[in-house]
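Asker: Two independent chains are provided; combine them into the complex using the hints.
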Amino acid sequence: MSGLEVLQAGPGVTVQDMGRPGYLALGLSRGGAADRIALAEGAALLRQPVGTALELAGFGGRFRADVPCRIALSGAPMRATLDGAPLVWNASHQMPAGAVLDIGGAQAGVYGYLTVGGGFDLSEALGARSAHLSAGLGAVLQAGDVLPLAQDGGRTVGQVLDPVARFDGGELRVLPSLQTTMFPEEMRARFTQEVFRRDSRGNRMGIRILPPEEGYGLTSGQSIVSEVITPGDIQIPGDGAPYILMYECQTTGGYPRIGTVIPADLPRVAQAAPGAELRFRFVTRDEALEAEAGYRRRLEALPGTVRPLIRDPAQMPDLLSYSLISGVTAGEELS
Amino acid sequence: MPDDILAGCPRIEPIGLDGVIVRFGEALSEPANRAALAFRAAVERDVPEGVEECSTSLVSTYLRFDPLHLSLDRLTALLTERLSAEDWYAAPLPEGRRLLRIPTVYGGDFGPQLAEAAQAAGMDADAAIAALSGARVRVNAIGFAPGQPYLGTLPEAWDIPRQAGLTPRVPEGALVVAIRQFVLFSVSAPTGWRQVGRTAAPLFRPGSEVPFLLRPGDEVFLDAVEAGAWDRLAADPKGGIVTEPLA
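So the sequence lines, in the order shown, correspond to chains A and B.
Under the UniProt record's numbering, the first residue of the first sequence is numbered 1, with each subsequent residue one higher.
Under the UniProt record's numbering, the first residue of the second sequence is numbered 1, with each subsequent residue one higher.
Just chain B, with the same shape it has in the complex (with noise of 0.2 Å):
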């Protein structure tokens, strides 16, 4: 493990009156990232009494409790001795993940900055599309928006930075691409990462059975489909989805 990624983690640290987080990394690697995700699940299963509300971030698991039912110096010790009963960073992923397939419309008017994003991964355009739709990519996080992934790794060709300026509003399912990472939008908004494609995934639908398509852990392709297929990805209230379990 590189130990200048990892230096000093994981490290519990406290985060407003009412929160900690446990950090596995100071930057976006695999194994900070599986070490997030597979102590979130662990502290699920046995909740900490006081303890309110758990989450991820990219590499860290964050706890929400009750500081005036349980202490902060009580709840480090226990996290600490939670952490020291295994090696999360090598832990399996947690069970329950899925593979989604998910079609993609790239270049074009659903991907205006494909060939500027193809340019400065050093590849053509036709490259571009057959290296992102052939990603196989994880769910890193959930933030920032309801139901909005960050998927990662990509290929380290496509460790590009953010743009220098702003792009006012990318619709809903634009897919974006930076830093080795695809963000798929669940609203419309602005961004600094470069729209390569955009798909017809209902990542938060409120009134639904199923609010929420995707949860950190779970794997996608982003597969790429011909515009034509566009009219009857939007039609469809799964968007063209297939999703399968993963073991």
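Chain A extracted, bound-state conformation (with noise of 0.2 Å):
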């Protein structure tokens, strides 16, 4: 059997796709990739369709494959080496057989990708193969698993995009949401007013994110009837500190949603780093529809933002990082 064996993982890496929808009667989330931007992508730098990839929470790992295979790296951006020579990110590389390849912690954003061409041959469980934690559905990764590799039919390697950008926090838009106007009005325009943080507390499920000063709490809010919770829900738990709640969540809640934040934004949320600098900005259901369609496009054009990756050797400042004469290089960077 041939696969991708994890020679080390970081703490929060597993195989993630675009989830599986269809289970919320029955109390499960969708889940999948934190960032669809990042899946697509690394899909659209190998040429194939959208399906697993290595989600890579904060920081990557070892990895070798006993057959030749070809890699994407995408998302958050991380240091990666493939026998000690630098890959480019937001690129698709060969990768051959006993290389290894290292990658480390994100140099931004939080969410990076590690695609392998024809995906990883899992079966499925509910209709997709992506780990959901607080389901208990997969697990995190270990060093000594090994992720058998699927048929790959494709040859694309060598190719560049340049990503979305989305890994420095800024501006969400929002919609309302069921207890919008239980909120003070003075509240709301301050929520719109203020600069929050992301707090270090965070994972698939959500992120806690801290306001300047005074919170958002409200006495009202501890007899409001569960109801279902949507990806980029707001909800101010007792402690005033706003949640945004990711494609991992549960699946109905009580506490009040000052808002939810648009699909085509939660891509910048899940890439928020600790620290990152976030503001709201409520918006029509008009704009909203106009940005979700404009996401969708942008997403369906991304294989054609595939570019070769070219590098004139007199614009590369790691250079001298190749052993250029010796031959054993990320030889194919520089066809």
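No lab work stands behind these hints, which were simulated from the structure alone.
Backbone N, C-alpha and C define an ideal beta-carbon position, used for all residues, glycine too.
There's no promise every hint is true.
Reference excerpt, derived from the structure (chain A facing chain B, CB under 10 Å, subset only) [said to hold, decoys possible]: (1) Leu26; (2) Leu28; (3) Ala125; (4) Leu126; (5) Gly136; (6) Ile229.
Answerer: Below, the structure is given as structure tokens:
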């Protein structure tokens, strides 16, 4: 069996895909990649349909395959080397059998992605291959795990793309939600004026954000009947610090919601590193629909934005890190 | 029907860009839960084009749709029309429901807060076990975690509040009680509700042929069994549960 072996793994490396919609009624949220754009970028760089990838939460790991395979690196940029030679991020590469791929910590953002040609040949659980940690589906990968590689019909490598900017916080567009009007008007106004910071508490279920001073707690918040939760919902628990719920969130909840981040801005939420500044702006439904249409258009257009990775040696500050004479380099990059 | 609970309902409200909920009440009540279940069943029998998923919470039906292919206005109009076609509060419960008898060990290590909960309900522990195990409850909603049921409604005496603090962790299968409802935990989790017992109910078994044990609308007895039965229940893949169809 050919496979990708995990030699060493960061604390939050999981297999992810687009998740499993359809089980909400049974208490299972859809889950899937925290940054759907990065999943699509990885697929585009390998010229294959969107499928599985390894999601690297904050830190990568060391990997080796016993057969030659293609890889793409996307999402939060991380320092990566192949047998010691630096690899360009947001690009696809050939990985020879036995070569060691080393991926370090995120230099910006949170979630990096390693996509392999053909994807991982894993069996589905409830219609998807992604780990859903809070539901106990799948697990965080450990050293020694071997991920079977599916047959790879593609050949494209040496491609690069310019990522959509989303790794440094910024403005989030918000629609009103079920309890928005329960929050006093001055509180809602303050919510759109203040600069929040992403707290260190956060995971695939949701991220906590810190207001600069006063919180957003509601005394009437304890008597709300539990209702469905959707990714993007901004819940305010008793301590007044908002949580933005992500794809692996609980399916119902009773804490009041001040609004919902639109789907197009969720990758930006996922990729906001601890300390990143976040702001909120209420938008009209028309503006949100326009953003959604634009978001889908960009995803569809992604394969067309991928271009060959050609590096001009005169423009390479890291030129000396390549052992050009011996030829044991990431040679594809120089073609 | 008490007007204050159902005031202004049913009501259709957007949630996020791609969802609407149809809310049948502001607080849990039997008619509102019944309406939510029945309305969802009706929507699923004839799913409007563009609707991708449907679920219920305690008193509302949720629909997720593709907002670029079905406008909120159009969906709202459609749902309004369906709402007015029938008295959903009086609608029969969906078909295909079942009655499950789930063996439960009450008290002791299996229900460390039984005495506390009994006291809050104004009775002694034995009376509490008799009341709780004798109550026929309905799965009002599945939610929070996979396969995890909210079961109600318990008799008035069980309108007891959540505890002030959180229990850091109850085990899988824990039966907890508050506000005239049970929750049966499908995973180990923290809770603010009091743990009165434990079951071996296989609520979520992703690898098995039936990954989810309960569905909204099912009815349940949490029958009291002796602590000595626990090992046998835990070893049984079905947790000792007996299921029969409900007409």
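Asker: A separate judgement is required for each hint: does it hold in the structure or not?
Answerer: Hint check:
no. : hint   : in the structure
1   : Leu26  : holds (5 Å)
2   : Leu28  : holds (4 Å)
3   : Ala125 : holds (5 Å)
4   : Leu126 : holds (6 Å)
5   : Gly136 : holds (6 Å)
6   : Ile229 : holds (9 Å)
Violated hints for the displayed structure: none, as all numbered hints are satisfied.
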